[in-house]
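Chains as they are written, first to last, in my numbering: chain A, 24 to 137; chain B, 13 to 124.
The hints are simulated quantities; they were obtained by calculation from the structure and are not laboratory data.
From a predicted model like this one, the values you see are computed outputs, not experimental measurements.
Positions of the beta carbon are idealized from the N, C-alpha and C atoms, including for glycine.
Do not take every clue at face value.
[Said to hold, decoys possible] Some residues of chain B that are not near chain A, with every Cβ distance over 12 Å (derived): (1) Leu23; (2) Glu27; (3) Ser32; (4) Ser38; (5) Glu57; (6) Leu58; (7) Thr62; (8) Arg72; (9) Gln76; (10) Asp78; (11) Gln121; (12) Val122; (13) Ile123.
[As the list claims (entries may be wrong)] Here are the simulated lysine to aspartate or glutamate pairs, DMTMM-like style, with alpha carbons at most 20 Å apart: (14) A:Lys101 <-> A:Asp121; (15) B:Lys54 <-> A:Glu125; (16) B:Lys111 <-> A:Asp80; (17) B:Lys111 <-> A:Asp121; (18) B:Lys111 <-> A:Asp79; (19) B:Lys119 <-> B:Glu27; (20) B:Lys54 <-> A:Asp121; (21) B:Lys111 <-> A:Glu67; (22) A:Lys101 <-> A:Glu43.
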Amino acid sequence: GAGVSQTPSNKVTEKGKYVELRCDPISGHTALYWYRQSLGQGPEFLIYFQGTGAADDSGLPNDRFFAVRPEGSVSTLKIQRTERGDSAVYLCASSSRDRPYEQYFGPGTRLTVT
Amino acid sequence: QKEVEQDPGPLSVPEGAIVSLNCTYSNSAFQYFMWYRQYSRKGPELLMYTYSSGNKEDGRFTAQVDKSSKYISLFIRDSQPSDSATYLCAMSSSGGYQKVTFGIGTKLQVIP
């Protein structure tokens, strides 16, 4: 497909478990972003990758959250010891180098921590 | 106080009405202003992008930025039921890497 894809679309996990959320950006897009959107809120920035490196991870709420993009394409957001407050929709977006303001979002992963 | 303030609505209008959506912001470093549309259970979709102050028109949509007042607007002319969605304003201070700060979103319903 041509758009940003995210898997899984839904994830239910128990408090204390570890989860991985995957993002597959648009082919050729060098920049990749993760956002978190809680119910009734706008997306909140978590981390930004330019290529393989995390250029800005200032939005990660604590050290339970970690993200990687080892080959500069697919990215994985990892959450350890999940808490009920982590329940939200996790959105991924990508953009090209020459049009960085055009961020294309995926459909999101809806995470529910019980 | 949040950096970006947006009335969550909901806003209900009859089909064909002109819709006005607004945001205010406090960070004077913001120079890039975007409007996104988000349908239920979907990711946001970029509608309009404006740099600095001024107006930009694209079909039925007009974006306005007044940096002196720290106020931005999106106007939708001849609104359609398919315009029913949540509209998010978003802002950034950088033209390259774009760490974007979003508003809470305004839920719009266009009634046939």
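Checked hints:
1. Every Cβ of chain A is farther than 12 Å from the Cβ of B:Leu23; the closest lies at roughly 15 Å, confirming the non-interface assignment.
2. Listed as a non-interface residue, B:Glu27 keeps its Cβ farther than 12 Å from every Cβ of chain A; the least gap is roughly 26 Å.
3. Residue-level check passed: B:Ser32 sits 19 Å from the nearest beta carbon of chain A, beyond 12 Å.
4. The beta carbon of B:Ser38 sits about 15 Å from the closest Cβ of chain A, which is more than 12 Å, so the claim that it is off the interface holds.
5. Its beta-carbon lying about 7 Å from the closest one in chain A, B:Glu57 breaks the requirement of being farther than 12 Å from that chain.
6. Residue-level check failed: B:Leu58 sits 6 Å from the nearest beta carbon of chain A, not beyond 12 Å.
7. A Cβ of chain A approaches the Cβ of B:Thr62 within 12 Å, the least distance being about 10 Å, so the stated non-interface status is violated.
8. Distance check for B:Arg72 against chain A: the nearest CB is about 20 Å away, which clears 12 Å, and the non-interface claim stands.
9. Once the 12 Å rule is applied to beta carbons, B:Gln76 is consistent with being away from chain A; the minimum gap is 17 Å.
10. The non-interface label for B:Asp78 is consistent with chain A: the shortest C-beta to C-beta separation is roughly 20 Å, beyond 12 Å.
11. The beta carbon of B:Gln121 sits about 16 Å from the closest Cβ of chain A, which is more than 12 Å, so the claim that it is off the interface holds.
12. The beta carbon of B:Val122 is kept farther than 12 Å from every beta carbon of chain A, the shortest such distance being approximately 21 Å.
13. The non-interface label for B:Ile123 is consistent with chain A: the shortest C-beta to C-beta separation is roughly 22 Å, beyond 12 Å.
14. Distance restraint check for A:Lys101 and A:Asp121: the Cα-Cα separation of roughly 29 Å exceeds the 20 Å cut-off, and the hinted pair is therefore not satisfied.
15. About 17 Å separates the Cα atoms of B:Lys54 and A:Glu125, which keeps this hinted pair within 20 Å; it holds.
16. Distance hint between B:Lys111 and A:Asp80 is fulfilled; the C-alpha atoms sit about 10 Å from each other, no more than 20 Å.
17. Proposed proximity of B:Lys111 and A:Asp121 is supported: the alpha carbons are some 16 Å apart, at most 20 Å.
18. With a C-alpha separation of about 9 Å, the suggested pairing of B:Lys111 with A:Asp79 holds against the 20 Å cut-off.
19. Distance hint between B:Lys119 and B:Glu27 is fulfilled; the C-alpha atoms sit about 15 Å from each other, no more than 20 Å.
20. This hinted pair does not check out: B:Lys54 and A:Asp121 have alpha carbons roughly 26 Å apart, beyond 20 Å.
21. Restraint check: the Cα-Cα separation between B:Lys111 and A:Glu67 comes to about 10 Å, which is no more than 20 Å; the hinted pair holds.
22. Restraint check for A:Lys101 and A:Glu43: the C-alpha separation of about 5 Å stays at or below 20 Å, so the hint holds.
In this structure, the hints that do not hold are numbers 5, 6, 7, 14, 20, in rising order.
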